[in-house]
Amino acid sequence: MNIVVLTKQVPDLVEGLEIDPSGKALDVASLRYILSESDDHALEQALLIKEKVGGRVEVFALNQGEARESLIMALAKGADRAVLVDAGLDSPLANHAAAQIFATLLRGGPFDLILTGVRAIDDLDGSVGGLVAGLLDLPYLGLIRKVEIGGDGKTAIAEKEYPGSYAAELEVRLPAVLGIQSAEQPPRYVPISRLRQVMKTATVEEVSVSPPSQQLLGVARLFKPEEGAGAVMIPGDAKEAARQIASLLFERRLLR
Amino acid sequence: MIPTTAKLGSIPGWAILWLIFLAALGIFAWRVVFLIRLLKLGRAENCFDNIPERLKRALTGVFGQRRLLDEPLVGIPHLLIFYGFLVFLVSTSGMLLQGLFPALHVPSMESNAYLAPVVDVFALLVLGGLAVSSFRRFVIRPTGLQLTWDATLVNILIAALMLTYLFVEAFHRMTLPLEGGVWVPVGNWLAGLAGSSAALRANAASFHSLFWWAHVLIVLFFLAYLPSSKHLHLLAAPFSVFFSRLDPPGRLAAPMDQQVRLGAERLEEFTWRQLLSAFACAECGRCERACPSNQCGEPCSPRELVHNLKEQLLRYGPALLSQARAAADGGEPALIGGLISAGELWSCTTCLACSEHCPVLNEHMSIMVDLRRRLVERGEVDAHLEEALRNLARYGNSFGQSERKRAVWTQALDFKPKDARKEPVEWLWYLGEYACYHPALQHITQSLARVLHAAGTDYGILYDAERNSGNDTRRVGEEGLFELLREKNMATLKKAQFNNLFTTDPHVYNTLKNEYPDLNHGRHPVRHYTELLAELLERGRLKIARPLPYRVTYHDPCYLGRYNGVYDAPRTVLRALGVDLKEMPRSRRDSFCCGGGGGRVWMEEIGEAHSRPSESRVREAAALEGVQCLVVACPKDYVMFADALKTTGLEGRLAVKDLTELVAEAVGVVPAP
Amino acid sequence: MGNDILVFAEHFRGTLNDITYELLGKARELARSLGSRLVVGLLGHEVGGFVEKLGAADQICLVDRPELKEFASDTTKAILEAILEDVQPRLVMLGSTSIGLELLSLISARKGFPCFDNCTRLESRDGRLVATCQIYGGKIFAEVALPDATTLVAVVPGSFPKEPGEVAARPELRSIALPPVLPEARVTFRKLLEPPPGDVDITKAPILVAVGRGIQNADNLPLAEELAEALSGVVCASRPVIDQGWLPLTRQVGKSGMTVKPKLFLAFGISGAPEHLEGMKQSELIVAVNTDPNAPIFSIAHYGAVVDALELLPLLTEEVSNQATKKASS
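Chains as they are written, first to last, in my numbering: chain A, 1 to 256; chain B, 1001 to 1673; chain C, 2001 to 2330.
Chain A on its own, in the form it takes in the complex (with noise of 0.2 angstroms):
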C-alpha cells in the first residue's frame, strides 16, 4: 500500500496575521508558519493504515515556511520519504497551482492513496485535495474521518461526514484522493528526543519545479472584520455581567 500525504505550510495564527501595504496580501514579515492542522491528521491517518496494512508513507511539501521541519517531524513519525518541492518562489501558491505541481509530480505514480486535509485557513481557491484528484481523474471524498482498505487493496472504505452529524460509509475504489477531516487517532507525540536524532540521520528529498503559469489569484484587497461592528461588550467583571445578562434576558422576555 504506497500512500502520499501532500501538505502544505499555512500561517500560524497564534503569530497575529497584518494586511500589507499594498492591501492585497498579508504582510510576509510578521509570519509564522505552521503545517496545516488537517494534513497533520492526514499524515496521522496514513501512518496508521500502515501500521494495519503495511506498506509506504511518502510526504510531500512545497518548500515554504517551516516544510522542512515539518517534513522532518514526519519522517520521525514514521514515514518512508520525504520530498520538499522547489517552485522557486517566495509568495505562497494558490491551491490551483500547488495542485498542478504536485499532480505533475505523482502522474504515472505509483501510489495507491493520496491523502490530504480536507481543507486549509489559508483556502480560497477549492482544495488542493480536490483539485488534484481533478487533474488526475481520481475519484475524491472529503470531510474523511475514518479509513480502512479493502482486504484486496484495491478499495478503500472511507466515513465522510454529513451535516447532522450524519456520516456514510463510502467504497472507493483506489487509487483515489481522500480529503481528511480528522485521523482516528489525534496526531502522535513524538518526544524531542527522537526528533533530534531524526535530524541528524535522515534525509529529505529536494525535487525542483519549474513555477507554474497562472500563480496568483486576483486578489482585489484584503481586509479585517471592522472593529466594533461586533458585540456590544459588556464591561466589568463576572458578577456585574451577570446582572447586566440577565437584565437583558428579562427585558427580552427569555425569562420564564
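Read the hints as simulated data drawn from the structure, not as lab findings. There may be inaccurate statements among the hints.
Below, simulated SDA-like cross-link-like pairs (lysine to any residue); rule was C-alpha separation at most 25 angstroms, straight line [stated by the list, open to error]: (1) B:LYS1488 x A:ALA87; (2) B:LYS1230 x B:TYR1114; (3) C:LYS2162 x A:GLY164; (4) C:LYS2204 x A:ARG253; (5) C:LYS2139 x A:ARG253; (6) A:LYS200 x B:ASN1564; (7) C:LYS2111 x A:ALA103.
One-sided and incomplete, this derived list gives chain B residues near chain A with beta-carbon spacing under 10 angstroms [to be verified]: (8) PHE1242; (9) VAL1376; (10) LEU1389; (11) TYR1395; (12) GLY1400; (13) HIS1438.
What the simulated footprint calls covered on chain A by chain B, stretch by stretch (three residues with Cβ under 8 angstroms from a Cβ of chain B suffice, anywhere in the stretch; the number is not a length) [claimed, not checked]: (14) 12-21; (15) 102-112.
For clarity, every value in this text was computed on a predicted model and none was experimentally measured. Just so it is clear, CB atoms sit at the ideal spot from N, CA and C, and this is done for glycine as well.
Using the hints provided, position chains B and C relative to the given structure of chain A.
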C-alpha cells in the same frame, strides 16, 4: 555454666549449635549473595566519590536516626529498638561465641558489672518500644504502614528475643548464691518473681539452659530469615544511605550518553543504586503520609512505587540472572501497566515530601522520573500534556502564545524596564512563563517591577528572548525538550551582560540554580525575588511607608523551601512589613504542596480524588484563627490557591496574596485598598 | 460562455437544504441586476417533488435517475459537468458543504474553471461579479473580482437569507443532453451512520446554552446544565467538546453538526471558528462569553463579555433564578 557443654543424647551441645549456626549462616550468606547479584543487574552508577561526605551522611542518618525523630511517637521507640539492636548484637555474639567455643572461656557482657545492667535495661526498653510501635501499627493503623505476616513475625521475634534474654538472666541468677552475680535490675526482679515458685527454683539450671537455647536459636532463625523479610532494611539501609546521590535534589540525574532509549522500565535499565534503595525501604509509610496527591485520594504512592520495583526485581530478577547473557526480552513483563500504573506516575507533583521524610534517604522521584521518561519516549502522554509540550517546543511557553507577547505585561508600566539583551544590567530578572502570560498574575508582576524600580535596583529583562526554563518539562520526563530549552536559554544568557540573576518563580529558580551549568557558580548567583527583597529591606533601599496590620500565614513553595532551603528570606520580609505571621501546622520542610508541580498544571485530573491538595492547604490556612491572608511566593501557588478558595467557598474568609503585593502596599508603590 | 447563473440544488435525506434557498435568493438578486437567467441543477433520485419549491428559478435542469441516489458523488459530478456543458453559465453557485466541496474542486480542475470557496458575500458591481471570501478562521476577508469565464463559487451556509429564495412556483423544465453511457461509479454507498439517538433535538430548542473549549473539562458541564435548567433551555456544544466525548454528537452545533436558529444562543468559552459560527450565526440573540477579547465569536454576537465562563456560569444561574423568584412574587 555454658549450656552447650551439656550433651543432648550423645552429641555435645556445641556440636549441634555449630550445625545450626553454620546452616543459618549459610542461608543468610546465600540469600545476601543472591540479592547482590540481583543488584548487579542494574546499570552502573558511580557512587564512590567524596567518601568523607558519604560517611558523614551514613553516620548521622543511621546512627543519628535523624529523620525518624520527625514522628516522635514512633521515632523514640525506634531509636530504642535500634540501639537495643546494636547492644544485643554484641551481647548475643558473645553468647554465641561462648556456646560455640565453650572451652575458650570467652568473656561475656553478662558477667561484666558495668555492661550487664545496660543490656538488661535495654531489653526492657526494647520491649517498651515494641509495645508502643506495635500499638501504633496494629491499633492506630496509620496509612502506609502495612499489616503483614512479615511485620508481625518480626515483632514477635524481637519480643521473644528480649523475653528469652531476661529469663536467661533470671534463671542464671537463681542458680547463683544470693550475693553472687552482677546487678541486673530487671533480671533480678524477674528472678525474685520466679523464685517464689519452688519448682522453678529447683530446676533453675534447666530453665536457664532452655531459655539460653531458645534465645540463641531465635537469633539464628532471625539471621537466616532477615534477608528475606522487610528487615532486610537493616542491612541494605546503611549502604543505601552511604551510596545515595550527593547532588542536590533539585538536580535530576541526566541520562547517560550510551543510553539508546531514554528513561527506564526494565530492571536492567535502573541503576544498581536505585535497586538497592528498593531493598533499603523499611516500608514505614512516611513518604505516603507526606504525599499530597496520596492524601487527596489520587493513585500516587511513593511507598508502593519503591515496593513494586522491589517486587519486580524479586519476581523476575532470578529469571534474568539465569539467562545471564541471553536477550533481556525474555520473560520480564512490563513494569508500567503491570505492577505500576501510568496514573500513579502522572499524579506525582514532584514536591519532594517523600524523600524529605524518608529515614533511609530514598529518592522516589528519580525512579518516577525515569519511568515518566520512558512513557514520553513512547508518546504515551495525555492530550492536555501533549498540547503543553507542543506549545513549549514551538513557542517556548506552555500557553501556546506568541513569544512576542512575553513582555506585554510591561505596557501597563509608566517606565520601560531595561532590555538585558541590549545593555548590561546588575540584576537579570528571569520571570518565568506564568508571571508573563497568565492573566491573573500580570498585576503582581507589574507590582514587583514598580517596587524594584522604586528601590532604584538596576534590573533588566530578556523581553521576547525568554523561554520556559524547562524545570517542569524535565520533571514530566521530556528530557529532549528540556535540553533544547536549556540550550536556547543558555545561548541567550551568554549574550546578555549581568552580574546576578533573580526569578519570580521557584521552579525557574530551581533549574537555573541547579541544572544550568555555569549559572549560580562564580559570577552569576541565582536568587529568588524574596531573597532580593529581603536584601533591599536590610540595606534600607526599600523603606516601609506603612506597616501592614494584617494577620497572615505563609506557604513555603516546594521548589524554594524543601528543594533549596530558602525558608527565612520570605519570613524576614514579612516581619519587616509588620504583619502578624502565624505558621500553619505544616510549614517549612513539612509544607503541603499546592498540587501544581511536576507538570500537573498541564494535565487532567487523575483518578477519583476526593479533593485537591490546594483545597486541603487553604482549609489549613483558614483554620488558623484570625488569619486574613495566605501569602505565597510562587505564581503557580497563587493560581492554584485562588482557584481552591473558590471551589471550597472560602473566598470570603481568606484572601491569597503574593508577597510582592504586600510589599508594594507597605512601601507605598500601590495605594492602600 | 453564456450569461446564466447556475445554482446547484442541495438536498439530503428527502429535504432541500436551507443552503439551496439561500443560494436561490442571492442568485435571483444577481440575475435581476445582470439580466441573467437563473437555472437550477437538480440531481438525484425521486426528486421531482422539489421542483415546485424551486420557483425562484427561471429554469430547472432536472436529472432524476437511480444512479444519482444519495451519496453518489462520482456520478453527480459527471452529470453536473454535462449540465455545465449545456448551459455554459457565467457563475455556478454551490454550498460550501460536505456535498458541495467535492464538486467545487473536482469540476474546477477537470474543466479548467476558476473557483472560489468560503464565499460570504456576492454582489455585482458595474456588471462584474465580486465575491468576498473568508479565510484564516474568519480573521481576514478577501475580495475577488470574478474573471470572465465560467466560475464556480461555494457559499458558506447562513451567509444569505433564505426567504428571498422561497418562491412557490413551477419553473420551466429544461432537458439536458446526457452522455449515452455514464462513467462507471468509482464511489459506492454502503451504509448510513446515524448519530446515536439523542434525548433532545437542539434544533427545536428556543434557548441554547453552548459550551466550548473554555469549559476546560467535563466536570464543569453541570454548571452549564444548571443554567440551562434555570432558563428552560438545552445544553449544546462546539466541535472540540464533542470530540472529547463530553457530550453526544446530537448536541454538536456547526458545519458537521446541527444548524440552529434559537431565540437565544449563549456561547460560553467558544472562540468562534467559522465551522461553528456557520451553525449558529442566525440565532436571534447571541450573547458570547470568552476570556479572549479578540475571539471571532464577538464579531457575530450581539452582546459579549470578556470574563471567565466558568466564573460567570454559576453567577448567571443565580441571577436568573433571582429574577424568576422576583417575577413570581410580584
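- Message: Are any of the numbered hints broken by this structure? If so, which, sorted upward?
- Response: Violated hints: 1, 2, 5, 6, 8, 13 and 15; rest satisfied.
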